[in-house]
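Protein chains: 2
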Amino acid sequence: MTTTEQMRHDLITTLEDRGFRLTKPRRDVATAIETQADAFTAEDLCESLPAVGRATVYRTIKLLVDTGALCKLAMPDGAPKYSLARVGHHHHTVCVRCGKVSDFRDTTVERMLRSLAKEIDGQIVGHRMEVYVDCSDCVP
Amino acid sequence: MTTTEQMRHDLITTLEDRGFRLTKPRRDVATAIETQADAFTAEDLCESLPAVGRATVYRTIKLLVDTGALCKLAMPDGAPKYSLARVGHHHHTVCVRCGKVSDFRDTTVERMLRSLAKEIDGQIVGHRMEVYVDCSDCVP
DNA sequence: CAGTATTATGATACGGATTATCAGTAACAA
DNA sequence: TTGTTACTGATAATCCGTATCATAATACTG
Chain X
1 MTTTEQMRHD
11 LITTLEDRGF
21 RLTKPRRDVA
31 TAIETQADAF
41 TAEDLCESLP
51 AVGRATVYRT
61 IKLLVDTGAL
71 CKLAMPDGAP
81 KYSLARVGHH
91 HHTVCVRCGK
101 VSDFRDTTVE
111 RMLRSLAKEI
121 DGQIVGHRME
131 VYVDCSDCVP
Chain B
1 MTTTEQMRHD
11 LITTLEDRGF
21 RLTKPRRDVA
31 TAIETQADAF
41 TAEDLCESLP
51 AVGRATVYRT
61 IKLLVDTGAL
71 CKLAMPDGAP
81 KYSLARVGHH
91 HHTVCVRCGK
101 VSDFRDTTVE
111 RMLRSLAKEI
121 DGQIVGHRME
131 VYVDCSDCVP
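Taken in order, these protein sequences are the chains called X and B.
Residue numbers for the first sequence follow the numbering used here, so the first one is 1 and each next one is one higher.
Residue numbers for the second sequence follow the numbering used here, so the first one is 1 and each next one is one higher.
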C-alpha cells in the first residue's frame with residue numbers, strides 16, 4: 001500500500017470508526033484531499049469536486065478536523081487552510097507564497113508551555129502556533 | 001500623563017508619524033480603543049462608535065495593525081480580536097471565556113525559532129502563537 | 001431480501017464579517 | 001483662502017461558512 005493510499009484509508013476509516021456512514025460524497029472528498037499536495041482551502045476542494053455540494057464539503061472537512069485527521073491552520077491574514085495530520089500533536093511551517101506545509105515537532109514549545117503555565121493566571125486549555133516561511137522553491 | 005493617555009497618544013502619533021491625516025473619526029477610534037479593557041472585536045468598536053462609519057472603523061483598525069500599534073490575534077475558532085501592542089514583540093494568552101488578554105514574552109520561543117530556522121527549508125518570515133486559557137475569573 | 005428508521009445530501013437561503021464603490025467632505029499646505 | 005488630496009460614510013458587494021429542509025442513500029432488522 002502506498003503512502004497516498006494509506007492516507008485515504010486513514011481518512012475513510014477514521015470516519016468509519018466514528019460510526020459515520022461511508023457515502024460516495026465522503027469518499028470523493030477523502031480522495032480529493034489525498035490529491036492535494038499541500039495545504040488547501042475549503043474552496044479548493046469545492047472547485048475540484050463540482051459534483052459534491054458545498055455544504056457537504058464543509059461538513060466533511062469539519063468531521064475530519066474534529067476527529068483529528070485534518071489540521072486547520074491559519075495563514076498570516078487569518079484565512080484558514082487545512083492539511084493532513086500525519087503525526088499526533090505538531091506544528092506547521094507554511095510557505096506564505098505557495099502554501100506548502102511542513103510539519104515539525106519541537107519539545108521546546110511544550111516545555112515553554114509548561115513553564116508558562118506556572119507564571120500565568122488560569123489554566124492553559126490550548127494553543128496555536130504557525131511559522132510562516134518563504135520556501136526555497138518560491139525564494140531560491 | 002497617565003498610562004491611558006500615553007496609549008492614546010501613541011495611537012494618534014503613530015498615525016501622525018506615518019503621514020496620515022488626524023481626522024475626528026480617527027481620534028474617536030483611538031479613544032474608543034483606549035477605553036477597551038481587553039481584547040476587542042471590530043464590531044465592539046462599531047457599537048461604541050455609532051457616529052463613525054463601519055468602513056472607517058475597519059480602515060483605522062487596519063492602519064493601526066499595519067503600523068504595529070495594534071495586535072491582531074485569533075480566537076480558537078479563528079475569529080479575530082485586537083489588542084494594544086504595549087511592548088515590542090510578544091505573545092498573548094487569551095481567555096476563551098471572557099476574552100481577557102495578557103501579554104507574555106518568552107525567549108524560549110525565539111530560541112526555538114532560531115534553532116528551527118537551521119532545520120527547515122526556506123526563510124522564516126513570521127510566526128503566530130496564541131495560548132488559550134480559562135482565566136481565574138472564569139474558572140476559579 | 002424487503003421494509004424501515006436514520007443519517008446524509010445538496011440546492012438554496014441566510015448570516016456575519018470585511019471590503020469595494022463613489023460622491024461628498026474635511027484636512028492641510030501654499 | 002484656496003486647491004489638492006486624502007478621508008469619510010452610506011451602501012452594495014463579497015466571501016466564507018452555516019441553517020434549512022425536502023429528497024435520497026445507507027444501514028439495520030426481521
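Treat the hints with care, since some could be wrong.
[Claimed, not checked] For each label pair, taking beta carbons as the anchor points, the in silico distance ranges come out as:
id, chain 1, residue 1, chain 2, residue 2, range
1, X, R114, B, L113, 16 to 24 Å
2, X, R114, B, G68, 44 to 52 Å
3, X, T67, B, K62, 33 to 41 Å
4, B, D38, X, M75, 41 to 49 Å
5, B, A79, X, R114, 21 to 29 Å
6, B, C138, X, A55, 27 to 35 Å
7, X, D77, B, E110, 19 to 27 Å
8, X, V139, B, G78, 37 to 45 Å
9, B, F20, X, G53, 42 to 50 Å
10, B, E43, X, T67, 13 to 21 Å
11, B, D103, X, E16, 42 to 50 Å
[Said to hold, decoys possible] The list that follows gives simulated cross-link-like pairs (lysine to aspartate or glutamate, DMTMM-like), each with its CA atoms no further than 20 Å apart:
id, chain 1, residue 1, chain 2, residue 2
12, X, K118, B, E47
13, B, K62, X, D77
14, B, K118, X, D77
Keep in mind that the hints were calculated from the coordinates and are not lab data.
Idealized CB from N, CA, C, for every residue including glycine.
Hints versus structure:
Hint check: X:R114 to B:L113, Cβ distance near 18 Å, so the stated range 16 to 24 Å holds. Checking the proposed 44 to 52 Å range against X:R114 and B:G68 shows it is violated: the Cβ atoms sit about 30 Å from each other. Under the hint 33 to 41 Å, the C-beta atoms of X:T67 and B:K62, about 36 Å apart, fit the expected range. About 25 Å separates the C-beta atoms of B:D38 and X:M75, a value inconsistent with the hinted range of 41 to 49 Å.
The beta-carbon spacing between B:A79 and X:R114, approximately 27 Å, falls within the hinted interval of 21 to 29 Å. At roughly 34 Å, the beta carbons of B:C138 and X:A55 sit within the given window of 27 to 35 Å. Checked against the hint of 19 to 27 Å, the pair X:D77 and B:E110 passes, with Cβ atoms roughly 23 Å apart. In this structure, X:V139 and B:G78 break the distance hint of 37 to 45 Å, their C-beta atoms being roughly 27 Å apart.
At roughly 45 Å, the beta-carbon separation of B:F20 and X:G53 lies within the given 42 to 50 Å, and the hint holds. Taking the beta carbon of each, B:E43 and X:T67 are about 32 Å apart, not inside 13 to 21 Å as hinted. Range check, B:D103 to X:E16: Cβ separation about 45 Å, and the 42 to 50 Å hint holds. About 37 Å separates the Cα atoms of X:K118 and B:E47, which puts this hinted pair outside 20 Å; it is violated.
Between the alpha carbons of B:K62 and X:D77 the distance comes to roughly 11 Å, so the proposed pair stays at or under 20 Å and holds. Restraint check for B:K118 and X:D77: not satisfied, since their Cα atoms lie roughly 26 Å apart, outside the 20 Å limit.
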